[in-house]
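Using the sequences and the hints given, assemble the complete structure.
Protein chains: 2
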Amino acid sequence: MSLLVECVPNFSEGRDLARVAALEAAISSVPGSHVLHRTSDADHNRSVITFAGEAEAVLESAVRVAARASELIDLNQHRGVHPRLGALDVLPFVPLGATTMADCVALAHRAGERIWRELHIPVYYYQAAALQPERILLEKVRQGEFEGLRKSVLIDETKCPDLGGPGLHPTAGAVIVGARPILIAYNINLQTTDLQIAKTIARSIRASSGGLPCVKALGLALESRGLVQVSMNLTDFSVTPPHVVFAEVSRLAADAGVEVAESELIGLTPRRAVEIGFAHALKMPDFRYDQVIENCLDSASSTK
Amino acid sequence: MSLLVECVPNFSEGRDLARVAALEAAISSVPGSHVLHRTSDADHNRSVITFAGEAEAVLESAVRVAARASELIDLNQHRGVHPRLGALDVLPFVPLGATTMADCVALAHRAGERIWRELHIPVYYYQAAALQPERILLEKVRQGEFEGLRKSVLIDETKCPDLGGPGLHPTAGAVIVGARPILIAYNINLQTTDLQIAKTIARSIRASSGGLPCVKALGLALESRGLVQVSMNLTDFSVTPPHVVFAEVSRLAADAGVEVAESELIGLTPRRAVEIGFAHALKMPDFRYDQVIENCLDSASSTK
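Sequence order for the protein chains is V and E.
Per our numbering, the first sequence starts with residue 2, numbered consecutively.
Per our numbering, the second sequence starts with residue 2, numbered consecutively.
Since the hints were made in silico from the structure, they are not lab data.
Do not rely on the hints blindly, as some may be mistaken.
A pair counts as met if it fits within one copy or between any two copies, since identical chains are not told apart.
What the hints assert, rightly or not - Distance condition first, Cα-Cα at most 25 Å in a straight line; then the derived PhoX-like pairs of lysine-lysine: (1) K200 <-> K141; (2) K200 <-> K284; (3) K141 <-> K217; (4) K160 <-> K284.
This is how it looks when you write it as C-alpha cells:
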C-alpha cells in the first residue's frame, strides 16, 4: 500500500546557497524522495524545501537532512528576521493522496525518535503530532527562540523538549517536528519602508487577534528591497484562501495610503486555491472544476 | 516525457447520431485517448468531437477515426449549410500543458502522412502546420469545397493537396490537418439592458477593429435576464488571456457607468489561463507553474 507524504523542512540558512544545495542533496540522496521546491530568503536567513514521496523514503530523507543541517548550521552565528529554534527548525509531515493525518503523526514521532537517538538533537512535537495541548501551536513552542529557550529549559520544566534534553543542542538547537494539513505560505509586500504599517495590518488580519480565520501573520521589514512584508501562513485555505487575504490586505493598505507592491507564494499551493482565486477575480460564480481541460483529462484517465 | 495534446476533428455528419457514436468509439478505442466533448448540428450536418491524451495515443485515434469517417461518410450524399471538403473535414492538433506548437505541428505532419499512406486520402495542411503561406487560413484551403476542388485539383497545380492526390478521394474528399492554439469561448455580462453599450464595447475590444489581438467579440442582449453580454472567442490566450479581457471590458463598462454582473466560460479552458489569471489578480509576478503542488507531482512522476 502506497503512503504518499509531503515534508516541508524549514532551515535556518537562507544566504549561503551552497549550504542550501548540500541540504537538498541530503534529501535527494534517498531513492524515491523528490525535491519539489525550494525557496531561500536572505532577510529571513531561512530556506524552505518541499519534498515528497513514499513515507519510508521521506522519513529517511528527513533524518539525513537533520544530520546535515546540524553539521552545516551554527545557530550562535545565525541572524535573520524570522524567529527560529533549530538549525533544522521545523519538520512537518503532510498527508497527500489517501494518506491520513494519523499516518503522518506516526511518521513524525518516528522521525523525532531517530533525530534524538542518532543525532542527539532534542525534539518538540507540534500541531497534530503534539503530545501536550499547549504545544499544538508552533509559535508557542518557538517562543523565546534559541537564545531564550536554551536558558529556560534548564530552569523551567514546562519548557523541556518532548524528547531528549533537557538542554538544547549547543549549535543545532532543537527540531520542532509535526504533522499538519497542507499549508500555504503567502507573503504580501507593501510599497513602503514603514514597518509599523505591516505590523498593524498583520495584527488586523491574524486569526489570534480576531481577524481572518486560519491566518497567521507577521509584519517584517525587507530591508534589502526597501519594502515591508505581511508574511503569512494560511493554515486552511478552504476557510481563508489567498485571494481573500490579498483583498483584505489591499484594503487595509489602501486605508493607510500604501500600495501592494506584489505578493508571493513561498513553496507550493494546492491547485484548488488557484482555481477559486481565478474564478473570484473574474466574477465567475458558475465556474466549475471540470471546466479546466486538464482536470477533465485527469478524471477521465483515473476512472479508466 | 509526457506530451498532452487536444484534438478537435470536424466530421461531415451531424444527423445520423449512430454514425457519430461510431466515430466517437473509434477515437476511444485507443487506450489513453479520452473524449471530452461532442456537438452535432443538423443544419450544418456536422459534428465536432473534442478529445485529448498523450500525443501518441491522440495520433493513433486521429488516424483510426479518419479511416472510420471514410467508411461511414460519402460526401457525394452529404448536404449541409457549413462548407466542407472531407468526410473528416478538419483535424487540428492543439497543445496542452507544456506541449509546444512545434510539437503539434510535428504531430499534424505525422498524422497527414499516415492518412495518405494508409487510407489514400489526400491531405492539406493549415494554420501552424501550413507548408504554404496561402494555406494558413482554413477558409482559403476549403474554398470551392468538395464539389469544386475535386475538379480544380486536376487542372490547377496551385490547388493540389500538400500530400497525395492530385485527385481527391472519390467519397472522403481530403483531410485538412493543422495545429493551432486552443480557443476559449468567454462571455462577460453587464448590469444593463442597453444593448448599444455591449455593442460599443465589443467593437472597441475586437482585434478586427484594432482592439485586443486574438479577440473576436459580439454584443448581444440576454433578454430573459435583463442583461447585455459581450460574447467572445479568444483565439490565442497566450496573447490575450481572459483576465486581460475582463480588466479591459470592466474599464470600458465603468467608463459607460455600468457594472460587470459576472463572466462565464463556455465549455473548457486550459489550466494555464487559470494560473496566469490567478497570478495577475494577486499581483504575483514571480508565480511559476511548478508552484502548484499537483503540477509538481505530475512532472515528478512522469519523469521518473
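Status of each hint after checking the structure:
1. Taking the shortest Cα distances, K200 and K141 sit within 25 Å of each other inside one copy (19 Å), while across copies they are farther apart (59 Å).
2. Taking the closest pair of Cα atoms, K200 and K284 come within 25 Å of each other only across two copies (21 Å); inside a single copy the shortest separation is 31 Å, beyond that limit.
3. Taking the shortest alpha-carbon separations for K141 and K217, only the intra-copy value of 13 Å comes in at or below 25 Å, while the best inter-copy value is 57 Å.
4. For a Cα distance limit of 25 Å, the shortest separation of K160 from K284 qualifies neither inside one copy, at 49 Å, nor across copies, at 42 Å.
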